[in-house]
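K.L.:
Quick mapping for you: the protein sequence lines, in order, are chains A and B. Numbering-wise, the working numbering puts 42 at position 42 of the first sequence, and it's gapless, one number per residue. Numbering-wise, the working numbering puts 1002 at position 2 of the second sequence, and it's gapless, one number per residue.
Simulated from the structure, these hints should not be mistaken for lab results. The C-beta atom is built at its ideal place from N, Cα and C for all residues, glycine as well. Accuracy of the hints is not assured; some may be wrong.
Here are the computed distance ranges between Cβ atoms for each label pair [what the hints assert, rightly or not]:
1. B:PRO1018 - A:LEU70: 56 to 62 Å
2. B:SER1152 - A:SER103: 31 to 37 Å
3. B:LEU1167 - A:LEU111: 37 to 43 Å
4. B:PRO1210 - A:ARG48: 45 to 51 Å
5. B:GLY1121 - A:LEU12: 28 to 34 Å
6. B:ILE1002 - A:GLN64: 53 to 59 Å
7. B:ILE1002 - A:TYR220: 31 to 37 Å
8. A:LYS225 - B:VAL1224: 36 to 42 Å
9. B:THR1009 - A:LYS82: 27 to 33 Å
10. A:LEU69 - B:TRP1168: 44 to 50 Å
11. B:ASP1029 - A:GLY268: 32 to 38 Å
12. A:PRO41 - B:GLY1145: 48 to 54 Å
13. A:GLY268 - B:LEU1167: 45 to 51 Å
14. B:TRP1168 - A:ARG216: 15 to 21 Å
Listing some non-contacts, in silico: residues in chain B with all C-beta distances to chain A over 12 Å [stated by the list, open to error]:
15. THR1019
16. MET1070
17. ILE1110
18. ILE1142
19. VAL1157
20. LEU1167
21. ARG1222
22. ARG1227
23. LEU1231
If we take Cβ atoms under 7 Å as the criterion, some of the chain A residues that face chain B in the derived model are [what the hints assert, rightly or not]:
24. ILE6
25. LEU153
26. VAL157
27. GLY168
28. THR169
29. LEU290
30. ALA292
31. TYR296
If you want the building blocks of each chain, they are given just below.
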Amino acid sequence: MTRYLIHRSLFLLPMMLVISALVFVAMRMIPVDPAELVVGPYATAEQRELARQKLGLDKPIIAQYGIYLLNALQGDLGRSFKSGKEVTALIADTLPNTLLLGSVALTFAYLLAIPMGVLAAIRQNTLIDQGAMTIALIGISVPNFWLGLLLILTFAVGLRWLPATGSGTWAHLVLPSITLGLQYTAIVARMTRSSVLEVLRQDYVRALHAKGLERRKVVYVHALKNAVIPIISLMGLHISAVVGGSVIVETIFAWPGTGQLLINSIIGRDFPVVQAVLTLLGATVLLANLLADVLYTLADPRIKYSAHR
Amino acid sequence: MIGIVIIVTLCIVAAFAPTLALHPFAEQDLMRSLERPLTPGHPLGTDVFGRDIYSRIVWGARVSLQVGLMVTSVSMAIGILIGCISGFYGGRVDLVLSNLINLVWGFPLILVALLFVTVIGPGLTGAMIATGLVIWSGFARIVRGEVLALRSREFVVAAQALGRGNLWIIFRHILPNIIGPVLVIASFTMAVAVIIETSLSFLGLGAQPPTPSWGSMLNEGRAVLYRAWWLATFPGIAIALLVLGFNLLGDGLRDVLDPRMRD
C-alpha cells in the first residue's frame, strides 16, 4: 500500500509540472501584450519596454517559465495586473470559500443520493424506483446555472427565505450548495442503484437470504458495503467536477471563491491571476484523482493485493 | 422514445426557425421592454431591449444544435483517431496516448474550455473550438477499449494473416464493429456540448450579442431576475429539454445496443 502510494505520488509531480507548463505556454499564446495591460494603452514605447523588462518578457520563454517556477516554489505567483495585489494573497482570500462550498455541496449530494439509490434498488420497478430515477435524470439534465437562477427566483425573490447572493452566514451557503450538489446527487443515486442491484444478485447475498437473515441487514450491512466501492471511485471524479462547477455557481451567487476570481480575471484579462488559479485548480484535480485511487484501494482489498504484486 | 420525440421536435423547430419565429431575433422595440408572457405578439414576453423571447428561443435552437453537432463531429473524429491508434498499435504509443486520454478525461471540461477561451478570445467560434478540443476523450476511452478487445479477434487476425494493411483492417473490420458504443457516446456528448456552450455563453465568454444563444439569454435574464422572471425561465427550459432529450436518447441507445445495461 505504502509503495503504491509513493509510486502514485511520484507520478503526481511530473503531471503538475506538465499542467503548469501547459497553462504557462497557453498564457503566452494570447495575442495581447501583457506589458500594455500593465502600463495602459496610452503609455510610451519606453514605458512599455520597461514594463516588459520588469515582467521578464524580454527573456526566452523557457527562462521565463524557469523563473516562474522558482518564484512559485517560494510562494510568489506574481501580482495582479488589475489590483496590483499579490496573486498568492488573492488566492488565500478566496480558496477557503471554494473549499467550504465544495465540501458542503458534496456532503449534501452523497447524503441524499445513497439512500435514494438504495431505496430505488430494493424497490426495483415500483413507483418509488421510477420516481427516484426520473428525478435523477432531470437532475442530470438541468444545467446548474439555470437551477441556481430558479432557486434564487423561488427561495430568495419569491418566498424571501434565503439570501440570493453573498457570503458570511450558513444561510448564504444553502442555495449555492444545492445548486452545485444536485447534479452529483443524481449521478450518485443512479450509480448506487445499479451497484446495489448488481450486488443483490450475487451468490453470497442469496446465501444470506437462505440463512434467514433479515432483509434490512442483508441490504444495509452486507450488500451496501460492497456496492459502495464503485461509488467511492466516483467521489474523486466528483471532487474535480465540483472544482469546475464552482466556477459557474460562484459567479451566479457572487460567492467570493476562486471560481469567481477566475471568471473575473478572464473577463478583465488579468493573466497572472488566470494562470495561477488554473494551475492551482489543475493541481487540485490531480490530488482529487489521487485521493480517489487511495480510497478505492482501501475499500477494495483485491486492488491492494494487485498493487502489492 | 421520449428522447427521440424531444430531439426531432427541436430539430424541426431549428430547421423551420424563419417560419416559426414571430420576429427577427435581433429586432428591438424599446417601447415594449420587459413585456410579460402572453402579451399579444409576444407569447413568452420580451427582454430588456424589447426583443421577442419566443422568437429568440426558436432561433436559439439552431445555435445550440449547430454547436452540438459540430462539436460532437470534431470530438468524435479526434476521439476515434486517437482511440484507434492507441488501442490498435499498443505498446509505447498506447502508453503515451492512454495517459493523455486519462489526463484530459479526468479534468473538468469547463476549466479546459475556459483556458482555450482565454487564449482564443470570447465568441461562439472560440467556444465551439474549445468544447470540441476538450470533449474528445470520452470517445477515445471507449474506442480504445473496444479496439483493444477487437484486435485479437479471429477476423482481425485472419485479415492480418492475409496480408491486409493496418488502415484497411481498421476501416473494414474495426470501425464497423464500434459504431454502436460510439453512437451512445455521441448522444451523451451532444448533451455535454450543449451544456458547455451554454455555460460559456452564460458566463459571457461564448456567443456574443445579438446571437440568440440560450446561455447568453439566461445571462441577460440574470441581470433583471427580480423584475422579470420569464427571461431566466424559458431559455432554461429549452436547454434542459434539449439536454434531457439527448440523455434519454443515449440511455435508449445503450439499452438497445447492450441489453445487460437495462437494469
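K.L.:
For this structure, which hints from the list above don't hold up?
P.N.:
2, 3, 4, 8, 9, 14, 17, 21, 22, 23, 24, 27, 28, 29, 30, 31
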